[in-house]
Each structure stands twice: as C-alpha cells, then as structure tokens.
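Colleague: Chain by chain, the residues:
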Amino acid sequence: MDEYAREVPVDADVMQAVQEEVSQSRSTVREMETDAAKKGIPLELQGVRYRIYETTIPK
Amino acid sequence: MRGLVVGQQRQGGVVLTKSAWKGVQSLLDSYFKVRDDDYVIVVYASKTLEHASWVSAALRMRGIPVKKVWMIPLRDPEFTRRFGAALPKPSAIRGRLIVLTFERDSLSHDSQIRAELSEFDADRRMVFRVISTCDELFTVALQESPDELSAKNATILELLVPSKALRVTTPGGSDLSITVDTRKHRWISNRGVWRPGSFVILPAGEVATFPASIEGKFVADFAFNVNMMTDRDARLDSHPVTVWIENNRAVKYECANSDVMSFLNECFYSYCAYTVGEVGFGTNGSIQTPISLNSHINERHPGVHLGFGQSNQAPSVVGYDCNIHLDLIAKGGMVWIDGGEVPLDLSKVSKSSKPHPTHTWDEDAGSSQGITDLDVDDCCGIITSEGLRLFEPTAREDGMNRQDANPPI
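Chains as they are written, first to last, in my numbering: chain A, 140 to 198; chain B, 577 to 985.
Keep in mind that the hints were calculated from the coordinates and are not lab data. A couple of the hints might just be wrong.
[As the list claims (entries may be wrong)] In silico SDA-like links for lysine to any residue, alpha-carbon gap of 25 angstroms or less:
#1 609(B) to 178(A)
#2 609(B) to 156(A)
#3 594(B) to 149(A)
#4 760(B) to 823(B)
#5 178(A) to 657(B)
#6 178(A) to 823(B)
#7 598(B) to 183(A)
#8 178(A) to 598(B)
#9 177(A) to 910(B)
#10 643(B) to 156(A)
#11 177(A) to 657(B)
#12 643(B) to 147(A)
#13 594(B) to 151(A)
#14 178(A) to 658(B)
#15 924(B) to 936(B)
#16 178(A) to 594(B)
#17 643(B) to 653(B)
#18 643(B) to 158(A)
#19 594(B) to 177(A)
[What the hints assert, rightly or not] Pair ranges (Cβ atoms, derived):
#20 664(B) to 155(A): 22 to 30 angstroms
#21 177(A) to 609(B): 37 to 45 angstroms
#22 166(A) to 613(B): 24 to 32 angstroms
#23 155(A) to 691(B): 37 to 45 angstroms
#24 174(A) to 699(B): 45 to 53 angstroms
#25 150(A) to 687(B): 37 to 45 angstroms
#26 613(B) to 167(A): 45 to 53 angstroms
#27 734(B) to 177(A): 40 to 48 angstroms
#28 651(B) to 158(A): 27 to 35 angstroms
#29 699(B) to 166(A): 34 to 42 angstroms
#30 174(A) to 833(B): 36 to 44 angstroms
#31 772(B) to 166(A): 35 to 43 angstroms
#32 789(B) to 155(A): 54 to 62 angstroms
#33 147(A) to 636(B): 21 to 29 angstroms
All values derive from a computational prediction rather than experimental measurement. All residues carry an ideal CB built from backbone N, CA and C; glycine is no exception.
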C-alpha cells in the first residue's frame, strides 16, 4: 500500500474547511451513537454485508 | 499503510493528501458532473465520517447545498425518519437531488432510500452508493473516470457478449475453460455512470456474468473479497490461492497460508460457497496493488476474478442460492474468445469509440434485505420445482457441515 500513499498535504484553506467538517461530523456521531445506545439499538452487526443479485432493472 | 483508521481521530488529526483531494474532485466532477443548482445529501456510517466530511467540505467550498445524514449500517430502525427529514421538497430544487452514501463494509437500506426518493422525478434523482470507503477509494479507485471505465467496459462487452466459449489464463498459472450463455444469463457492467432509476455502486470498473460452464485451474494471486464482515488481510499476492474447478464447482483448493486455508474451509465447507456464481473482469486501471481491506477496490483490478457461492443472477435462473459470495481475484488475465488466436489482454483493454450497450445491468451489489446474521442453517437453500428447499446440514466426522450427500470437495 505504501506506493499509494502520497503524503503531500493539501493547501491550508482546504485543510481548515475539512477539519471543521470532520469536527462537526464527529460531534454528530457521538450524539447519535449515545442516543441509539440509550434506546438499546445495536451499532454493530455481523454477517452478510450485501447481496449481489437483488438489484433493480435499469431503465 | 492500512487504509484508514475509521471513526477515530487519526494520530496528528485529519490526514488528507493531495491525491485524496484529487479523488474527491473526481467524484464531484467526473462522476456526479455536479452543477451549481444541485442539492446533495451525504449519508454516512460512523466508520466513514471522515471521508464523508471530505466530500461535504468540497461541496460547501463550491457553494453547493449539502446535508449530512448519519446511519447505522444494516439495521437502523430510525434511518427512514432521519433520511426523510433531510430531504428537501422536490419543488425546492432547481437542479438534481444527488444522494451519496458512504459505508465501509456494507450497502444498507436500499429499499428505504428508494421509497423516500419516490416523490422525486427519476431523471432528477441520482444515487451513488459507496462500499469499501477508505483512503484508497479516493487516492486510487476514483482517479479513473467513469467515461474511461465505460469505454473499456464497452470494449469487453462488444467482444464477450456475442461469444460462446472462453479460455482464460493468468500470469499466475490459471487456465480455465468457460462457456457463456447470454440468452439466459445477464451481463453486469459497473462503470460509475448513472442512469435514471438505478443506483451507481462505487468503486467502479467491472464487467461480469454467470459462467454457464467452467472447468480448470484458477490461481488467485491478487486478493479476495467476501460479503462477510472480516478484518482478515484480503491480500493474496504473497500466498496465492489455487482452486481446481470441475463441473462449475470447486473440487480442491490450496494455499500456503494456514489462516487463509482456515478461512477458505469456512467459506467452502461451512457456508457451501463452492459453486462458481460469477466470472468477472476488472477494468479500473488505477488499481494495481491489492489493499488489505476486504473490499471492492481489489475486485476492480484489471484481471479476472471468480465469485464462489451466491451468483449474480436470480436464484430461480441458476437453480441455487447461497448467502456467501467469495470473490477470488487474479492479477491480470488473457481471454481467448471462441478459439481466436489473439487474446484480450485485461491489462491493456482499449477504449471503444462506440456507445456503451444499454441492455446490461449497472448494479452489482445491494442491501442484504435483513439477512444479517449468518448461520449455516440459512445457507444454500436449493430452488426446486416445489419451491425453496432449505439446506439441511449433514454432520461430518471432522465437524464440518455439508450441503449434500455427495459433496464436490
């Protein structure tokens, strides 16, 4: 994987916008996960993660 | 470098490289062809919050309205309410409604999304569903445009759809004889191009169908991709898996890595995934090195892969069903068509100048419709003239279960 990792940082204005967005998302996730836990809704499930034939017919 | 640290603050904060940001821009410009009057809903699972935020931030920087909706993968009793509340009124949008969903391991809530979007005109609602969300989705898989993928997929379809018999070899030692029956089995072309009424499954880049018959030896020396939750390292480049196939079924398999053998035993024996349900040809040329994540990114590598277990056709067409779908992926591949002397080299597929065929299916994955708890008793129901006959496991001396009294392995 190392050959895919090109660790050249983005410009500062992009980084700031992204960090603000990530921070807001983390806050939302914490709030939602806490609410789900209070309601007894499990956050993690194991098993089949998708099926490949249940699709719609494209028009 | 392992893909990403999901749902957690990475050491040193957010890691966003220029190549990842280029992937974000490619998603917006090449895949969405986003316009100023579009309205975007970004749905994300906790494990993908960082990557969803990259895209949301990019949209905001362009002044395009965006709302984010959190979801629990697979089962979320409140998803419909949460998603519905984020939707604008159809009359309030001048352009298109674009729904983008990010998950790492799953594709969830298809039917709920379709139902909630039913008020929007089919030609003004676009849905892009991302599975295998990780850094490499952006730094690698999204670097190739849907126009490029579409042209390469078209080339493969032009050659293979009219064909009857294929011989497939790979540099790793595979040699397979395959027949195809286009009248009976559909072709799937995943190319990242949206069409009204369908979902776009990302990452993109694959052509696939069901092998009417398949025999020979297959050497998977790139990676596996299984539709189960697993943290196993999916790479097979240092310990390839060899499978011998007779009469469409795996009859023997081997791998020098004992952990991988254990995993294969689980798939082939416990879950009966020994029937070849798919032959696929990856077309995403940006994907040249396997990643450790169990992911669709590896499956889009320009090479041949076989899907064992669940097929890409309706169970009533192929006569069996199975919950497990295990893709074994080879690096590269040559395809000889109907005895022709010049093979199709999957590493050098040319771009067709003709329009992509319209009769193929776009989606090659969908929600599991509530099937989330994998158990051997649920596996491999057999479609018979009397309807679905459920698999009844037969105890073996070694403790593993078998699908029938004369198992192929």
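Colleague: Work down the list of hints and note, for each, if the structure agrees.
Modeller: Hint-by-hint comparison with the structure:
Between residue 609(B) and residue 178(A), the direct Cα distance comes to roughly 40 angstroms. Violation of the 25 angstroms bound is thereby established for this hinted pair. With a CA separation close to 22 angstroms, the supplied pair residue 609(B) and residue 156(A) stays within the 25 angstroms bound. Note on residue 594(B) and residue 149(A): the hinted pairing holds, with a Cα-Cα distance of about 5 angstroms set against a maximum of 25 angstroms. A threshold of 25 angstroms between alpha carbons decides the hint, and for residue 760(B) with residue 823(B) the separation of about 18 angstroms falls inside it, so the pair holds.
The hinted pair formed by residue 178(A) and residue 657(B) meets the criterion: a straight-line CA distance of about 15 angstroms does not exceed 25 angstroms. Restraint check for residue 178(A) and residue 823(B): the C-alpha separation of about 51 angstroms exceeds 25 angstroms, so the hint is violated. Taking the CA atoms of residue 598(B) and residue 183(A), the gap is near 32 angstroms; set against the 25 angstroms cutoff, the hint is violated. Among the hinted pairs, residue 178(A) with residue 598(B) is inconsistent with the structure: their alpha-carbon atoms are about 40 angstroms apart, more than 25 angstroms.
About 55 angstroms separates the Cα atoms of residue 177(A) and residue 910(B), which puts this hinted pair outside 25 angstroms; it is violated. Simply put, residue 643(B) and residue 156(A) have alpha-carbon atoms about 16 angstroms apart, close enough for the 25 angstroms limit, and the pair holds. The suggested pairing of residue 177(A) with residue 657(B) holds, with an alpha-carbon distance near 18 angstroms, which does not exceed 25 angstroms. Pair hint residue 643(B) plus residue 147(A) does not hold up; C-alpha atoms about 29 angstroms apart against a cutoff of 25 angstroms.
As the CA atoms of residue 594(B) and residue 151(A) are separated by approximately 11 angstroms, the hinted pair is consistent with the 25 angstroms bound. Straight-line distance between C-alpha atoms of residue 178(A) and residue 658(B) comes to about 15 angstroms, which keeps the hinted pair within the 25 angstroms bound. For the given pair, residue 924(B) sits about 22 angstroms from residue 936(B) by alpha-carbon distance, which is consistent with the 25 angstroms threshold. As the CA atoms of residue 178(A) and residue 594(B) are separated by approximately 41 angstroms, the hinted pair breaks the 25 angstroms bound.
Using a Cα cut-off of 25 angstroms, the hinted pair residue 643(B) and residue 653(B) holds, with the two alpha carbons roughly 20 angstroms apart. Taken as a hint, the residue 643(B) and residue 158(A) pair is honoured in the structure, with Cα atoms around 17 angstroms apart against an allowance of 25 angstroms. With a C-alpha separation of about 40 angstroms, the suggested pairing of residue 594(B) with residue 177(A) is violated against the 25 angstroms cut-off. Separated by about 28 angstroms at the C-beta atoms, residue 664(B) and residue 155(A) satisfy the suggested range of 22 to 30 angstroms.
For the pair residue 177(A) and residue 609(B), the beta carbons lie near 42 angstroms from each other, so the given range of 37 to 45 angstroms is met. For the pair residue 166(A) and residue 613(B), the supplied restraint of 24 to 32 angstroms holds, since their beta-carbon distance comes to about 30 angstroms. At roughly 38 angstroms, the beta carbons of residue 155(A) and residue 691(B) sit within the given window of 37 to 45 angstroms. Distance hint check: the CB atoms of residue 174(A) and residue 699(B) are about 37 angstroms apart, inconsistent with the given range 45 to 53 angstroms.
The given range of 37 to 45 angstroms is respected by residue 150(A) and residue 687(B), whose C-beta atoms sit roughly 41 angstroms from each other. At about 26 angstroms, the beta-carbon gap between residue 613(B) and residue 167(A) misses the expected band of 45 to 53 angstroms. Between residue 734(B) and residue 177(A) the C-beta distance comes to about 56 angstroms, which lies outside the given range of 40 to 48 angstroms. Hint check: residue 651(B) to residue 158(A), Cβ distance near 32 angstroms, so the stated range 27 to 35 angstroms holds.
Range check, residue 699(B) to residue 166(A): Cβ separation about 36 angstroms, and the 34 to 42 angstroms hint holds. Distance hint for residue 174(A) and residue 833(B): a CB-CB separation of about 43 angstroms, consistent with the stated range 36 to 44 angstroms. Take residue 772(B) and residue 166(A): their Cβ atoms lie about 36 angstroms apart, and the range 35 to 43 angstroms holds. Between residue 789(B) and residue 155(A) the Cβ separation comes to about 58 angstroms, which falls inside the hinted range of 54 to 62 angstroms.
Look at residue 147(A) against residue 636(B): about 23 angstroms separates their beta carbons, and that is inside 21 to 29 angstroms.
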